[in-house]
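**Q** No gaps in the numbering here: position 3 of the sequence shown is 3 in my numbering, and each next residue is one more.
Each hint should be verified, as a subset may be incorrect.
[What the hints assert, rightly or not] Simulated crosslink set (SDA-like; lysine to any residue; CA at most 20 Å straight-line):
| # | residue 1 | residue 2 |
| --- | --- | --- |
| 1 | Lys140 | Asp168 |
| 2 | Lys173 | Lys3 |
| 3 | Lys3 | Ile115 |
| 4 | Lys78 | Gly114 |
| 5 | Lys3 | Ala87 |
| 6 | Lys183 | Thr93 |
| 7 | Lys183 | Asp168 |
| 8 | Lys173 | Leu111 |
| 9 | Lys150 | Leu161 |
| 10 | Lys3 | Thr93 |
| 11 | Lys150 | Asp138 |
| 12 | Lys3 | Ser36 |
| 13 | Lys173 | Ala87 |
| 14 | Lys140 | Leu111 |
| 15 | Lys183 | Leu111 |
| 16 | Lys173 | Thr205 |
No lab work stands behind these hints, which were simulated from the structure alone.
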Amino acid sequence: MMKARRVVLLPAPGAGHLLSMIELGRQILQHTHNLSITILIIRPPSSSPFASPSISQHLDALNPETQASNLRFIDNHKPAVSEAVTALQETATITAFIVDMFCISSTSASLDLGIPTFVFFTSGATATCLVIYLPEMDRKYECDLKDLTKEVEIPGSVHPLAPSTLPDAILRKEEYSYQWLVKYSRLCSVLDGLLVNTFNELQPTAIETLTDGRELRPYIQSDHC
Numbered sequence: 001m002m003k004a005r006r007v008v009l010l011p012a013p014g015a016g017h018l019l020s021m022i023e024l025g026r027q028i029l030q031h032t033h034n035l036s037i038t039i040l041i042i043r044p045p046s047s048s049p050f051a052s053p054s055i056s057q058h059l060d061a062l063n064p065e066t067q068a069s070n071l072r073f074i075d076n077h078k079p080a081v082s083e084a085v086t087a088l089q090e091t092a093t094i095t096a097f098i099v100d101m102f103c104i105s106s107t108s109a110s111l112d113l114g115i116p117t118f119v120f121f122t123s124g125a126t127a128t129c130l131v132i133y134l135p136e137m138d139r140k141y142e143c144d145l146k147d148l149t150k151e152v153e154i155p156g157s158v159h160p161l162a163p164s165t166l167p168d169a170i171l172r173k174e175e176y177s178y179q180w181l182v183k184y185s186r187l188c189s190v191l192d193g194l195l196v197n198t199f200n201e202l203q204p205t206a207i208e209t210l211t212d213g214r215e216l217r218p219y220i221q222s223d224h225c
């Protein structure tokens with residue numbers, strides 16, 4: 001008997017990330033037949049800013065200590081995510097495993113099982129370009145990005161960006177959030193593709209940069225991005 005076909009989604013904690021992932025699942029179901037959606041939820045501890053139902057937190061809006069705490073909290077769920085994906089694979093054919101960028105460390109199980117694996121950027125195409133380009137910026141600049149005296153050229157950005165406008169999470173090389181993003185942005189190159197929460201009329205330059213592959217190809221090796 002043929003197994004049911006299923007897409008598994010893994011959002012990061014926080015209302016903004018969860019709602020974006022739910023909407024992605026809804027869009028998938030609208031355009032695909034004979035497919036079900038399973039959403040794996042990482043429940044934040046009550047002490048976390050993510051636990052508040054009245055706010056939509058994003059990691060960039062949190063101070064460095066809280067950023068590091070939340071990233072470690074998500075990473076600590078890798079064994080549970082792996083167990084869940086393995087169990088689901090026994091009863092259904094998982095056609096895609098889609099994770100929030102901040103959950104990208106949990107893709108090891110799906111990659112080991114040969115499940116098509118994608119990362120979902122909820123923050124739009126320009127932010128996606130920035131994250132993908134971050135390892136090159138880390139190589140290019142020896143100082144902290146906050147200490148740069150010139151504007152920074154980012155592939156996909158319409159204009160050069162002043163260092164003061166960059167996300168706080170990447171301003172200081174010694175911060176855990178910076179090191180985490182540099183490390184895991186490289187993982188995008190081994191996944192099956194990127195999904196970005198945007199549309200062409202909103203961010204045409206950044207979307208063209210992601211799709212034509214000329215500027216970011218050294219950092220995204222997948223042919224499906």
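**Q** Next, verify each hint and record whether it holds.
**A** Here is what the structure says about each hint:
| no. | hint | in the structure |
| --- | --- | --- |
| 1 | Lys140 with Asp168 | holds (19 Å) |
| 2 | Lys173 with Lys3 | violated (47 Å) |
| 3 | Lys3 with Ile115 | holds (15 Å) |
| 4 | Lys78 with Gly114 | holds (17 Å) |
| 5 | Lys3 with Ala87 | holds (13 Å) |
| 6 | Lys183 with Thr93 | violated (30 Å) |
| 7 | Lys183 with Asp168 | holds (17 Å) |
| 8 | Lys173 with Leu111 | violated (29 Å) |
| 9 | Lys150 with Leu161 | holds (9 Å) |
| 10 | Lys3 with Thr93 | holds (6 Å) |
| 11 | Lys150 with Asp138 | holds (16 Å) |
| 12 | Lys3 with Ser36 | holds (12 Å) |
| 13 | Lys173 with Ala87 | violated (38 Å) |
| 14 | Lys140 with Leu111 | violated (30 Å) |
| 15 | Lys183 with Leu111 | holds (17 Å) |
| 16 | Lys173 with Thr205 | violated (28 Å) |
The structure does not agree with the numbered hints 2, 6, 8, 13, 14 and 16 stated previously, though it agrees with the rest.
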